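Undergrad: So you can see what is in the structure, the chains are spelled out below.
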Amino acid sequence: MIDKTVVSPTAAVADVFDGATVMIGGFGTAGMPGELIDALIERGASDLTIVNNNAGNGETGLAALLKARRVKKIICSFPRQTDSHVFDALYRAGEIELELVPQGNLAARIQAGGAGFGAFFTPTGYGTLLAEGKETRNIGGRNYILEYPIRADFALIKADRGDRWGNLVYRKTARNFGPIMATAAQCTIAQVRDVVPLGSLDPEAIVTPGIFVRRVVPIRVAQRSAA
Amino acid sequence: MIDKTVVSPTAAVADVFDGATVMIGGFGTAGMPGELIDALIERGASDLTIVNNNAGNGETGLAALLKARRVKKIICSFPRQTDSHVFDALYRAGEIELELVPQGNLAARIQAGGAGFGAFFTPTGYGTLLAEGKETRNIGGRNYILEYPIRADFALIKADRGDRWGNLVYRKTARNFGPIMATAAQCTIAQVRDVVPLGSLDPEAIVTPGIFVRRVVPIRVAQRSAA
Amino acid sequence: MNRLTREQLADRVARDIPEGAYVNLGIGLPTLVANHLPRDREIFLQSENGLLGMGPAPAPGHEDPDLINAGKQPVTLLTGGAYFHHGDSFAMMRGGHLDICVLGAFQVAANGDLANWHTGASDAIPAVGGAMDLAIGAKRVWVMMDHLTRSGESKIVAHCSYPLTGIACVTRIYTDLAVIDVTPHGLQAIETVPGLGFAELERLTGIPLINAIAPVTE
Amino acid sequence: MNRLTREQLADRVARDIPEGAYVNLGIGLPTLVANHLPRDREIFLQSENGLLGMGPAPAPGHEDPDLINAGKQPVTLLTGGAYFHHGDSFAMMRGGHLDICVLGAFQVAANGDLANWHTGASDAIPAVGGAMDLAIGAKRVWVMMDHLTRSGESKIVAHCSYPLTGIACVTRIYTDLAVIDVTPHGLQAIETVPGLGFAELERLTGIPLINAIAPVTE
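Protein chains in written order, with our numbering: chain R, 1 to 227; chain G, 1 to 227; chain W, 1 to 218; chain C, 1 to 218.
So that you can see chain R by itself, here it is in the shape it has in the complex (with noise of 0.2 Å):
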């Protein structure tokens, strides 16, 4: 029988190792994988490369493993919020490397790496700073930059509720870059609010089949407040 569940957050992230690319879902706190995370900053893995829309809020979650100096290089939309003062910090100091992308290449890039693309061509960002150095192409009277697939070697997403085979259902707008990332990672660790028995979620419904993840680890409601 095949159960990927893990009940425990630590051992869920406790093959993450120096140096991996990390993708963290999450479009500023709504999906942000808090509990993981903080397991992986307990795990100690450093010179990470993260892959997440934003750069960390406040102090907690991503913007934690920032301040502990586990991240070589952060890829990523909009890394500059009104609260991301600990990637401010580090990055005006010269400690952390970035990669900015245009949102919806950010996204693009995701899908092709799960996707099995080489390469595409985009219309995003065409002409501006973030296209300069790249491959650039007219096609059918419309200019394209070349953009390249994003891999990870582990993706740490939030999903409403998850199943033992690893099917997954999100909860509104925390959805965003979980399903996407799930498909690009070696190595996906969900955290759900509830692991439900198999055949409760509406096989129109799932969002993330489980082939997508390999380990769902369930945080009860009073833990994930207390995080």
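Careful, some of the hints might be misleading.
To be verified - Cross-link-like lysine-lysine pairs, in silico, DSBU-like; alpha carbons within 35 Å at most:
#	chain 1	residue 1	chain 2	residue 2
1	R	134	G	134
2	R	73	C	139
3	R	134	R	73
4	R	72	W	72
5	R	67	W	72
6	C	139	R	72
7	W	139	G	72
8	W	72	R	73
9	G	134	G	72
10	W	139	R	134
11	G	134	W	139
12	C	139	G	134
13	R	134	W	155
14	R	134	C	139
Derived by calculation from the structure, the hints in this document are not laboratory data. Note that the structure is a prediction, hence the values are computed from the model and not measured.
For this one, chain R is given, so just place chains G, W and C on it according to the hints.
TA: Quick look at chains G, W and C alone, frame taken from chain R:
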């Protein structure tokens, strides 16, 4: 108030013009929008370019459209089937043009059309007859071919239920090409088993958001089974 | 001359959004447009973080941290709305499915070039978000901004001095002074605030404009 | 020598599929493998037309025309299965997420080249379906076929004479005579049917093989 419901299949396809490119959903007969195709035959538009996974089954649906000699060219992955005699005869007589595309490249080209990409490098088909004349590139040690998007003037698809905003859900494997074709056509027309009140479809489970759908045509089951 | 307030400007933009339009409102000033949409029109607001059919802010105490807009503020979902993931959301944006997007700007050039993501200051931390996707994806890209900087310089320029967000992408500019279309022939003023004549608008703008202001007929 | 029947061959292939594997069974002969999967293992069958967790054929009278496999035959969905669209389905296939796909073949070459979609006959109507995606997408590509054509020629060849489906993609070949791995050093026979020695297998195959057949120790 926005109401995309169109009661008559005939009215729904009344603006399909000679020479149009028309995507038609379905994998075999699952998800094939039979009543919309019948209405298209009645409409009489000719010199059509059709995009479908197959090239018709038996004498109904897409096969009937072919038999009526309305199709100049078909873009598909699997024309030859045990009951594809209408296509087979036209093809052998040189009366229909065939663009044969591996199924995953067909899907990806439709998605690229819907998502605004200019082209993409795919590994599928590299080194085969179906890659002849196509641009190739080695990226990270793997060989890819460059494929271009497919867009259409119209998409005719079949869903299970829809609402007046054009939101759609599908049924089982009849989902297949419907959701991706809906994104790649100027005008997407969906036949559905039922038009339900706004709010009846779970926002977490809507597969095709209404932005991709211009017209929703309810086909009662009695009507459908007679087709 | 009466400059429009931010709310008046939002109201002015909202008036031009037709029923049935699919619209993305950028973060900052454009977000205000949502409060001014005519209540008798069904208009579909898309948010880059995965929702279509965005509704107004929730009543106090009813905020849901899992239901936010692109600016990470709490919102609601209208009956008939839908959620989707980031890949689908940006396919929707990049694929030309939005009728209108409304963006703030630092500068707009005469050819429709847009600069709205980066001041270019060497010590600035750059952040782009979805701006570049919106700039090139929507059928019509409307900019909504003050006409002049605080120091009185025109934000409508011959060529942008700030780093670009997109090339020749803006189709219309709404400012606190005027409404200006970007056309193949140049910038065409179609409306000014009461008390502001074309000549004065052109002088304030600092680059040539075409006068297409409808005469007041009342 | 006892050639395996089609059902025996399906059973042999099924035996090698481990619990938890994500597997696509190609149309034709590979479809038979589904009936032979060990009942004590949870194995996930994917079908290109948008389902994961495919179950066996329905009881007569319970067929659903909306629930079919890649060969357009009626199937069922296991508890815990999921539906998705063609884009997602082929992303799953192309993206390397399937552990194993089992395909029929006209020919397999010594380097793992696969020919299974087109006889190359000038009057044939070509049809490729998902074969090329499966050939390059799965982590392991297993071919399942008769060892010899009806006229006695080996289907394992130095170079394919039929048009290719994929280059150097096959990792293992199951035939009615033997199990052969495609390795960087060449084709390596690891198993033959009772009564068939390595020398005779190599003679029938017509190209050099490496003998890695485990001695019978019972």
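Undergrad: Please list, smallest to largest, the hint numbers that this structure does not respect.
TA: none
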